[in-house]
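Number of protein chains: 2
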Amino acid sequence: MMQARPPAVERLAVIGCGLMGGSFALALRQAGSVGGIVGHSRSPASACRALELGVIDEVAPDAADAAAGADLILLSVPVGSTGAVLAAMRESMRPDALCMDVGSTKADVVAAAASALGPRIDRFVGAHPIAGKERAGVEHADAALYQGCRVILTPTPQTDPARVARADALWRGLGARVSTLGPAEHDAALAAVSHLPHLLAFAAFRAVAAQDDAQTLLSLAGPGFRDFTRIAAGDPALWRDVLIANRTQVLDQARRFRAELQSMEAAMVAGDADAIEALIAPAAAGRSRWRLGG
Amino acid sequence: MMQARPPAVERLAVIGCGLMGGSFALALRQAGSVGGIVGHSRSPASACRALELGVIDEVAPDAADAAAGADLILLSVPVGSTGAVLAAMRESMRPDALCMDVGSTKADVVAAAASALGPRIDRFVGAHPIAGKERAGVEHADAALYQGCRVILTPTPQTDPARVARADALWRGLGARVSTLGPAEHDAALAAVSHLPHLLAFAAFRAVAAQDDAQTLLSLAGPGFRDFTRIAAGDPALWRDVLIANRTQVLDQARRFRAELQSMEAAMVAGDADAIEALIAPAAAGRSRWRLGG
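Protein sequence lines correspond, in order, to chains A and B. The opening position of the first sequence corresponds to residue 36 in my numbering, with each subsequent residue numbered one higher. The opening position of the second sequence corresponds to residue 36 in my numbering, with each subsequent residue numbered one higher.
Keep in mind that a hint or two might mislead.
Given that identical chains are not distinguished, each listed pair holds provided it fits within a single copy or across any two copies.
[Claimed, not checked] Derived lysine to any residue pairs resembling SDA-like cross-links, with alpha carbons at most 20 Å apart:
(1) Lys168 to Ala272
(2) Lys168 to Gly321
(3) Lys168 to Leu327
(4) Lys168 to Ser116
(5) Lys168 to Asp195
(6) Lys168 to Gly210
(7) Lys168 to Ala245
(8) Lys168 to Pro113
(9) Lys168 to Gly257
(10) Lys168 to Val304
(11) Lys168 to Arg265
(12) Lys168 to Arg326
(13) Lys168 to Asp92
(14) Lys168 to Arg261
(15) Lys168 to Asp307
(16) Lys168 to Ser323
(17) Lys168 to Glu300
(18) Lys168 to Pro258
No lab work stands behind these hints: they were computed from the structure. The structure presented is a predicted model; accordingly, all values stated were derived computationally and were not measured.
So that you can see chain A by itself, here it is in the shape it has in the complex (with noise of 0.2 Å):
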């Protein structure tokens, strides 16, 4: 399939010049679809760092000035902060601007736009782009992080279905995948495919480190705990809004591993074979089926 340029942006503004801000600036910069590009980031040193990488042509001293000007403007910043910088931003936004956010949780992300735009709220696209590296950081951005990577908007009823149409054609535009899905379908399922699993990977990774020869453990720990806790090497401030933000559903799918855990348990102290086999069989062959992006 032919991978369609994406519609050209005047100025594009990054909020949190970070792995996820980055790779976007550099993929919209090869795809030759922006004029210019301002970065803020809360820590003026990343922010920097991206300039020095030519990853963004601007600093801006605050999120309202970032925005100045931007005709697309990408928020990539803790889910918890998402409120208290579109409402610094909330005057200074051009009238025909987009605005998306990339955070993990949506039902937050949206619900604190609402808040914080008041009428403007149909400038702005929930966005989440299930993309990831093992390292976060600008120095890792990557203009071919979003090839291939599914990107989920979710639009609501206030969103101006003009601007859903752009930041669609946007995300095609540097090769994902996109669907739609409403803000709290979103979050069940991403509770279930990634907050559990990084709650999980953080879980085992303190229970080893934890241990009196830890030092000795890891040092023994080959591919597979490699991994596996890849993901327990993810940005804390991120990772505790997101598990925060949607405790409720990753609360119910922790509840769900549990019960599968217990069952497995149940066999090994039983010392049941056949039992454990019966329980490990259908996960292995599931995994061996299942691709990325399949």
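Keeping the supplied structure of chain A fixed, place chain B upon it in accordance with the hints.
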């Protein structure tokens, strides 16, 4: 550091022609260190596939026949089959043969070997290469699988020291980093960094797959889920045996994990963002610092 060529092997017998055994055969052949390779698998189709792929030179009808004439025997079968396979080979083994396994548990394997081989237990060196790939089977065998991989040898006072030295030189010659542990110490450590992660990945995949909208959920899963659940694609018979053989240690590790999970869930229930971040941050920092083979 120069990698010495592995010591010469006249005839290698591979019992269990899968990913691990097949990769060992390919690596030894690529090093130019083996005269001939005979293989046997419980499923004749696997051995035939290994023959077609040029991984082995001959298919033996049973383990005893495969062992006859081999100066190196590599056992790559589910750990619960170790005793039966070694007993079948006992009478046909060459007096100067070195027999190694590649199993993920060692206390049960060493005990089964002692019982099956009797006074010939001096010929057996327990070995565990901590390697793996998403796909099992001889089709995925890879001459480079053991390059940089850690291999743990678990000799006992009954093991012939000359054979331990030969095992050490063989694995080092294939590029592995070799260390030695007692069988019980091995099992305690691997419960933490390998067996429990497998148990958790199986349970996590089961929990998603059991939901009514599992297909939708799995279609929304991204690279984090892919890596977190990779090990859930492991061979069910192999992991059945590991989880049963090492269940005391794995259940102890599961208890430690559940305590960590419970702390995190309690902070979420309380909506305590600071507590969540305080729990995540050390895990994220620790996992960011950790390197495979570091």
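Taking each numbered hint in turn, which are not upheld by the structure, reported in ascending numerical order?
Numbers 4, 5, 7, 10, 13, 15, 17 - these are the hints that the structure violates, sorted from lowest upward.
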